[in-house]
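S.K.: We have chain A already, so just place chain R on it with the hints.
Protein chains in written order, with the working numbering: chain A, 45 to 156; chain R, 7 to 116.
The calculated SDA-like cross-link candidates involving lysine to any residue, where the alpha carbons are at most 25 Å apart (straight line), are: (1) A:Lys144 to R:His63; (2) A:Lys142 to R:Thr108; (3) A:Lys144 to R:Ala88; (4) R:Lys32 to A:Ser105; (5) A:Lys142 to R:Arg47; (6) R:Lys62 to A:Gly140; (7) A:Lys142 to R:Asn37; (8) A:Lys144 to R:Thr90; (9) A:Lys101 to R:His51; (10) A:Lys142 to R:Gly65; (11) A:Lys97 to R:Asn102; (12) A:Lys55 to A:His68; (13) A:Lys142 to R:Gln43; (14) A:Lys101 to R:Thr33; (15) A:Lys144 to R:Ser74.
Calculated directly from the structure, the hints in this document are not laboratory data.
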Amino acid sequence: DAGITQSPRHKVTETGTPVTLRCHQTENHRYMYWYRQDPGHGLRLIHYSYGVKDTDKGEVSDGYSVSRSKTEDFLLTLESATSSQTSVYFCATKTGDKEKLFFGSGTQLSVL
Amino acid sequence: SQQGEEDPQALSIQEGENATMNCSYKTSINNLQWYRQNSGRGLVHLILIRSNEREKHSGRLRVTLDTSKKSSSLLITASRAADTASYFCATDHTGNQFYFGTGTSLTVIP
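The shape of chain A in the complex, shown without the other chains (with noise of 0.2 Å):
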């Protein structure tokens, strides 16, 4: 999946508890960006970023936060998580000169 690796691939937490989902990428693609797919609603953006510290929101931004401290490293942080959040992250990313987007493989999140 074109240098993007997401770990963990499975997370199985707890109602309440934070979590951090890690996507790293070795195409040094300036912009990365984390979604979430659940039936019936394709693909939602999350947050995305243009550089390093640069980071903004997406459509269902609430309850998430970002990071980026490095070109390679997208974090994306649940600070206390929920059953609504239960869902298949993916990360993926893109050059700054070129339209299409590159996937990593995703991040299947259970919350109980």
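M.R.: Below, chain R without anything else, positioned relative to chain A:
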């Protein structure tokens, strides 16, 4: 929400037939892209059409765009069992944010 909608939600065809899926969106776009997702995998980019283009081809794929109707269609010709996957349209409104449709699940029966 800027999320698009796709139609049909599910499509089942025989191998060799053509598959057509449609995407509608709400606001003006820079470009529209189609992606494919195999079960349990990430999405893979298929084709991009810009807002000033009406039709584009890539191998067995044909994409059309009607900006007056805010809609696009993806045609897969001579389908194969390996084309079985979910297909998503994604709209680029600002150059940096991409909004995906709800997807069409395609099953090609051998």
